[in-house]
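> Listed below are the residues making up each chain.
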Amino acid sequence: SAVISQKPSRDICQRGTSLTIQCQVDSQVTMMFWYRQQPGQSLTLIATANQGSEATYESGFVIDKFPISRPNLTFSTLTVSNMSPEDSSIYLCSVEASLGQETQYFGPGTRLLVL
Amino acid sequence: DAKTTQPPSMDCAEGRAANLPCNHSTISGNEYVYWYRQIHSQGPQYIIHGLKNNETNEMASLIITEDRKSSTLILPHATLRDTAVYYCIVRERSNYKLTFGKGTLLTVNP
Numbered sequence: 157s158a159v160i161s162q163k164p165s166r167d168i169c170q171r172g173t174s175l176t177i178q179c180q181v182d183s184q185v186t187m188m189f190w191y192r193q194q195p196g197q198s199l200t201l202i203a204t205a206n207q208g209s210e211a212t213y214e215s216g217f218v219i220d221k222f223p224i225s226r227p228n229l230t231f232s233t234l235t236v237s238n239m240s241p242e243d244s245s246i247y248l249c250s251v252e253a254s255l256g257q258e259t260q261y262f263g264p265g266t267r268l269l270v271l
Numbered sequence: 065d066a067k068t069t070q071p072p073s074m075d076c077a078e079g080r081a082a083n084l085p086c087n088h089s090t091i092s093g094n095e096y097v098y099w100y101r102q103i104h105s106q107g108p109q110y111i112i113h114g115l116k117n118n119e120t121n122e123m124a125s126l127i128i129t130e131d132r133k134s135s136t137l138i139l140p141h142a143t144l145r146d147t148a149v150y151y152c153i154v155r156e157r158s159n160y161k162l163t164f165g166k167g168t169l170l171t172v173n174p
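Residue numbers (this note's numbering), protein chains in the order written: chain R, 157 to 271; chain B, 65 to 174.
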């Protein structure tokens, strides 16, 4: 299985600011994803990070609020822009070696608190 | 929406087998059953998956009924560290999207 790290592991931010979260994988993977888990809730897919092209966003999520980069096959970033307290969540990246590889692995998550 | 139904919570005694049920009555022929668990807001951990045959690995066993409308995850000898939220998910192999429901909070008691 892939080893996934995320930075930062947690942060406390002021409303109106932005935070960029990094996801690093120890091997090249085809698919990378970003999820959000709001307090007491289950995980929700934000977007698929596509290498060399714009991310594919799920309904309810937009690029202006959650810009994503994927410069290569082992790294991606998610930015939470113009934050409000409602953005307080755990943000998780996940990877799959190739579509149809059958198993998706998750990073440890980034805990974000917006004051 | 999640295509699975799980009990919100279960208890199990340490050292005993934990049997976690999942209903997926609308599962289609090309959809797999996946199980993940999440320990206290850590990232979800993959446990096991299967299509129609029973599966076993070092963590757990997955029993899928013949009609594939339900399944059971079995942790053979539960420990306190198995206390977590367990998610049952159905997914097409070619569809990357994992739709998480609310899962089952398994509490293993000493």
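Don't read these hints as lab results, they were simulated from the structure.
Just so you know, these numbers come straight off a predicted model, no measurement behind them.
For every residue, glycine included, the Cβ atom is placed at its ideal position computed from N, Cα and C.
Check each hint, because a few of them may be wrong.
To be verified - In silico lysine-lysine, BS3-like type, Cα no more than 27 Å apart, as pairs:
hint	chain 1	residue 1	chain 2	residue 2
1	R	K163	B	K161
2	B	K161	B	K133
3	B	K166	R	K221
To be verified - Covered by chain B, according to a simulated footprint, are these stretches of chain R (three or more residues, beta-carbon under 8 Å):
hint	segment
4	228-238
5	259-267
> Give a verdict on every hint.
Structure-based check of each hint:
{"no.": "1", "hint": "R/K163 <-> B/K161", "in the structure": "holds, 24 Å"}
{"no.": "2", "hint": "B/K161 <-> B/K133", "in the structure": "holds, 20 Å"}
{"no.": "3", "hint": "B/K166 <-> R/K221", "in the structure": "holds, 26 Å"}
{"no.": "4", "hint": "228-238", "in the structure": "violated (count 0)"}
{"no.": "5", "hint": "259-267", "in the structure": "holds (count 8)"}
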